[in-house]
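Enquirer: Since each chain sits alone in its own frame, please combine them into the complex, following the hints.
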Amino acid sequence: MSELLDKTDLNRLVDAWLSEGRRVAGPQCVNAKDSRGQADRIQYAWLTKAEELRLDGFIRPTNSIKEFVFPRHEKLYGYQFKGKRLELTPAELPTTEQVVIGARPCDAAALKILDAVFNWDVKDEFYNRRRELTTVVTLACKEHDDFCFCTSVGSGPCDERGSDVLLIPIDGERYEVRCLTEKGKKLLAGATTASSEEATAPQGPPVRFNLDALGEFLAGGYDRPEWPEITRRCLGCGACAYTCPTCHCFDIVDEGSASGGARVRNWDACQFTMFTAHASGHNPRSDQSQRQRQRIHHKFQIYPDKFGELLCTGCGNCSRNCPVDMGVLPVLKTIAAKK
Amino acid sequence: MSDNIYQPNLMEVLQIRQQTADVKSVRLRFRDEERAKAFSFRVGQFGIFSAFGAGESTFNICSSSDWTDFLEFCFRKTGRVTEALWGIEEGDTIGFRGPYGNGYPWEKWKGKNLIFIGGGIAMPPIRCAIWYALENREQFGDVTIVYGARTVGDMVFANELDRWAEFERVRVVTCVDPGGETPDFKGEIGFVPTVVERAQIPSEKSVALVVGPPIMIQFTLPVLAKMGLADGDIYTSLENRMKCGVGKCGHCQINQYYCCQEGPVFTYEQVKPLPEAL
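Those sequence lines, one after another, are chains G and X.
Here the first sequence is numbered in this note's numbering, starting from 251 and rising by one per residue.
Here the second sequence is numbered in this note's numbering, starting from 1306 and rising by one per residue.
Just so you know, these hints were derived from the structure itself, not from any lab.
Relax, there's no trap hidden among the hints.
Subject to a maximum C-alpha distance of 25 Å in a straight line, what follows is the list of computed BS3-like cross-link-like pairs (lysine-lysine):
#1 K362(G) with K392(G)
#2 K1382(X) with K334(G)
#3 K1531(X) with K1415(X)
#4 K1577(X) with K556(G)
#5 K373(G) with K362(G)
#6 K1413(X) with K1531(X)
#7 K362(G) with K435(G)
#8 K362(G) with K556(G)
#9 K1329(X) with K334(G)
Isolated chain X, as found in the complex (with noise of 0.2 Å):
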């Protein structure tokens, strides 16, 4: 059947790295080449992974959209699915549905400062789109990038934190619960919310991302309203279940939104009326 919506693309696992002690990130490539020529996404877009024989799961495409010969998702060993994903190496063949979802809207962005906020393993979401900044750095303004983890060893890119730093006008703070920092770490100890507020990042022309547990987003989303940031310039990616990923199935249905479609990227100013959103 040439319209089945459920059944993924096959897909070659190229690399595996081991982020944290239950953190892996894969690059994938298309086993079909000319699927692989015609693929594109946005930023910000998802996709369903599967193990088969144990189910699919979903998770945000975390490489850049430049990035062309290969993508990458990144997970936690944490249940059914993941702990099988754990378990694959490199050449074996994984299935790939996608891409969903909306992705961030780089058109808005354009021209404004931006501030990444993230939080342990929602990491993933930002680290595609600082890439994407600082790779079409003329078409942005300063980057901040906040990225808070537990302890020090749960933090996922942590070799890529410095590339950023390198680049102009972009500054990174990381940060740790405290207990959870290491004697050579330089970054802050605090949680994300008081980290933030701390930073003094200005916040004329910005526009921020933040990705997180829910906890983490609701005490970051005052901080930021109190520097001064529009709620309809604070933005944040809702990563619920999902099974289907195009709006049939009914599970990441938050109050109005199906956040596989019209989601997974809301705005605070879209997601405050919600209580179920955060």
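Okay, chain G solo, but in the shape it has when bound (with noise of 0.2 Å):
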């Protein structure tokens, strides 16, 4: 047995979750053609009405979901002088219940990843709260482009981790809803149909590189002479991170005057020369080949080791958003045959 929903009954559902006063988040159709007259992008945005939303037609959107439990840019508190006196007011929480729709598995799977860096040891609040509050319903992939590595991270167009729901596509019209979750249920409750008919589980890419391979590179050492070779056309834009699903770095600043303002937090990128700058000038990662490699090296081993899970989903975002066709795949391809 299984449970099925159909398209126009999901656009529904989009409409009255947002009439009850949830946000909504989904694929939708952006900046209506470029200066070039490139097609649309298609990115996770707020929805304002179940029209906007864009479930099918494209691989995936340019950037990812963490931006819902980890915004790009944040308060953190305020600050206020009067005179010599100082106040500090804090940072106003999120209340609001909101739904990711049409997450791709990739990025779902990232929020399950991101969970341990924000809570070991020190909790993140602020993380904590938005991830409470966000239900994520996941649409597993039918298709996937050259960019797509899913399958070779163990992970894959089915990947539940990070899902509350999981929607399979039958055909163009319905969808099998696997609820995974309380959160999930709750949300779904009394929208399904029972059925007998069962969903096809799409199989995602081919495996693009051996995993064991790369873990044999990385343990080698540092100073592997390969790397400078692999990631000399690096531009150090950050690209890769910003669009990524598991990089978190972020920024502390103040925005404001001497009189008043707020300390805020934006995201970061380790792929840029002043992330470890000393003030002295001495700059731990002062080459851009060591700031990709400490990029592999941290998703591929320092945070397995700690975490237990690789900080890649195979979205393949890194590369599809490179202006020189870098990103993780190509440098994972290069370093696996090289061993």
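Expert: Structure (structure tokens):
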């Protein structure tokens, strides 16, 4: 037995969530045609009506869903000087429930992975609050492109990690609904129809590199001569990190003046020169190849050693958005081939 | 919000001492009495200090953990936040988050001879350790302090060097780079690694704490090894760029370590295989 939902009902549900006061985010078309007349861009963004939601006709959005639990720019608290007296005003945490609909499994899985770093030892209340308020309805991928490599990193088009509900397409109009958590069950209660029909799980892209070979390479030390050779063309723009579902580095800065303002955190990227620069001028990672090596090591060795899961879901965004055709996949393919 | 890990405590500036042309030390006390009473830390830990409107910077808490009426930090005017801190006056308020990091392993150091080696502005993280050791004198063996700076005028806590030398079984060696001496300077002329080698410090039952610019540490470590210290008995504090202090933001990560959580104090044994550490 399975539970089914058709597209019309799904759209009706989205409108119902919105009218009940939830915030709903999902893939939608933004910036109609750029200056070169190229096709519209699909991004995860807040929806105002179900009509804006796009569930097929593209591989995946250019951004990831991490911004709904870990915003690009977030106020941590305010400060105000009254003469010499200083007052801090706590940031107001959100209280509105939110739904991410049409998340790709590679995005949803990232949330499960991020839970670890935001909660080891010290707990990050900003992240946790948004995470608690968020229900993730994931759509299994029917299609993939040459950048997708989920199946090479232990994920796949039906990865359930981080999802509260998984929708698997049966045909263009209907989905099999798998409620994976209590949150998911609550959200879809009474909306689905029981059926004997079951969706066929999509296969996903072929395995593109050998993860074990990669592990051997990384265990071989930090000073391998291959790094500069493989990563020399990196521009250090950080597009890979900003569009990555799992990258989570941030900066903390003051916005305002000496009389008042706010302390905020903004996304940051380990690919920037200043990321590790000391005040003295010394920089532990002064070379771009060191910063690329850090990114790969962090994702495939450091994070797994510490938290038990790869810091990569194989979404391919780092390569799709890279101006010089790099990103994780080309680097890993080269490394895995070299061993 | 009660659990905001990024919101600092407010501290009153009690005293500011200008140490050199561009270094000041600041003495602080929590504005909140309850917080002041509840606060404790381990020598070697650090705090994140705020100048509101400019931002936050990370500094070692350079006072001893036995001094409970205040805490101190020391900074060099070198960037946006430290420029703003330079302008603060006694009675002003600054923010403090912490204490963070592991601190020095005093349990392991008990009964040992202590060798403290510091360079330039890196003296504060050693100064707190020196005071802690000297005020708990019976727990430790001989104490040797080697402090080097570019010039005589660049020595921070210079007024405390003589006070340390007055304690029993304490030897203080100071040095400045060639050309940095003044006519009345009584210390040695030379770079820290050379001076350490010349000083013929006994290494039996010893641990060494070396803090300074990476280049100084790199050249001092082989000297200590030659003296017979094991890699596990040589300690350093990695003063990396940090933002959150709680193992999330990624800035201080050096290979597998989050310096803010698993450091900043590491043994040479730990950092030796890490090319980015020094």
